[in-house]
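In the UniProt record's numbering, the protein residues as written are 1 to 247.
Worth flagging that the hints you see were computed from the coordinates, not collected in a lab. Idealized CB from N, CA, C, for every residue including glycine. Hints may contain errors.
Stated by the list, open to error - Have a look at the derived ranges for each label pair, beta carbon to beta carbon:
#1 I195 - G87: 29 to 39 Å
#2 E204 - L62: 24 to 34 Å
#3 D67 - S201: 46 to 56 Å
#4 V85 - P12: 29 to 39 Å
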Amino acid sequence: MGDSFTEGVGDPDPTRPNGLRGWADRVAEVLAASDPDFGYANLAIRGRKLAAILDEQLEPALALQPDLVTIYAGANDMLRPSADVDGLLERYDEAIGRLTGTGATVLVWTAFGARKSRFYAMLRGRFAYYNELVREIADRHGAQIVDYWRMSEYDDWGMWDVDRLHMATPGHELMAIKVLDLLGVPHSLSQPTPIVHPVLSSREQRAADLQWTREHLGPWVKRRVTGRSSGDGISAKYPVLTAVRQG
Numbered sequence: 001m002g003d004s005f006t007e008g009v010g011d012p013d014p015t016r017p018n019g020l021r022g023w024a025d026r027v028a029e030v031l032a033a034s035d036p037d038f039g040y041a042n043l044a045i046r047g048r049k050l051a052a053i054l055d056e057q058l059e060p061a062l063a064l065q066p067d068l069v070t071i072y073a074g075a076n077d078m079l080r081p082s083a084d085v086d087g088l089l090e091r092y093d094e095a096i097g098r099l100t101g102t103g104a105t106v107l108v109w110t111a112f113g114a115r116k117s118r119f120y121a122m123l124r125g126r127f128a129y130y131n132e133l134v135r136e137i138a139d140r141h142g143a144q145i146v147d148y149w150r151m152s153e154y155d156d157w158g159m160w161d162v163d164r165l166h167m168a169t170p171g172h173e174l175m176a177i178k179v180l181d182l183l184g185v186p187h188s189l190s191q192p193t194p195i196v197h198p199v200l201s202s203r204e205q206r207a208a209d210l211q212w213t214r215e216h217l218g219p220w221v222k223r224r225v226t227g228r229s230s231g232d233g234i235s236a237k238y239p240v241l242t243a244v245r246q247g
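The whole structure should be built from the sequences, with the hints applied where relevant.
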């Protein structure tokens with residue numbers, strides 16, 4: 001359950017639904033390798049805010065009677081200056097309670113630390129508050145935390161896509177390892193090598209920042225202003241339990 005993070009944006013694979021693979025597909029492949037009856041659903045859709053994730057995905061997820069549920073929701077809300085963090089996390093609390101109440105293992109995420117991002121620097125306090133509420137929710141309901149906030153490996157821009165908003169393939173590969181390790185599932189996944197970016201001069205960096213603003217930040221802001229979403233017209237990759245194709 002979730003948004004672009006779980007859908008797999010930044011990890012392209014034209015042979016898969018929505019043209020994406022992602023960390024969740026990678027985890028599912030490992031789990032399926034030891035269980036021929038394993039079924040995988042991925043309900044996440046890019047751009048979804050917390051309320052939409054719960055409104056659209058919670059009941060379908062419960063109907064699947066899952067043994068394991070992952071959910072990362074709220075990141076898109078935290079980027080809005082008017083987000084009601086307390087109100088949003090009250091709904092999240094209720095949803096996590098319903099998921100854990102089924103007996104399923106439930107994984108939730110803290111927000112990314114963004115220690116080296118000027119774009120996110122002004123929001124780190126809000127992210128930290130969100131994280132504390134997520135930790136309280138996990139403690140209350142017995143969910144497990146994937147602690148993105150403390151993963152210093154993601155301070156390396158080689159883990160990120162060119163839009164600086166989504167993990168690139170190495171970032172998804174590493175997240176799959178983090179999840180499997182938390183679950184205690186044996187695997188043979190290799191530690192990914194971050195993308196190597198050229199060292200830029202100050203002038204080159206300014207030009208790169210302007211290009212990023214024009215190609216990525218500008219369209220993102222325009223969608224916010226016009227009420228559109230990158231997920232408009234997008235469907236869930238795997239809306240029902242599906243046999244997993246090995247990567």
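A quick look at each hint next to the structure:
Roughly 38 Å separates the CB atoms of I195 and G87, a value that falls within the hinted 29 to 39 Å. Taking 24 to 34 Å as the suggested C-beta distance range, the pair E204 and L62 does not conform, at roughly 51 Å. Taking 46 to 56 Å as the suggested C-beta distance range, the pair D67 and S201 conforms, at roughly 52 Å. Our hint of 29 to 39 Å for V85 and P12 holds, since their Cβ atoms are close to 32 Å apart.
The structure shown violates just one earlier hint, number 2.
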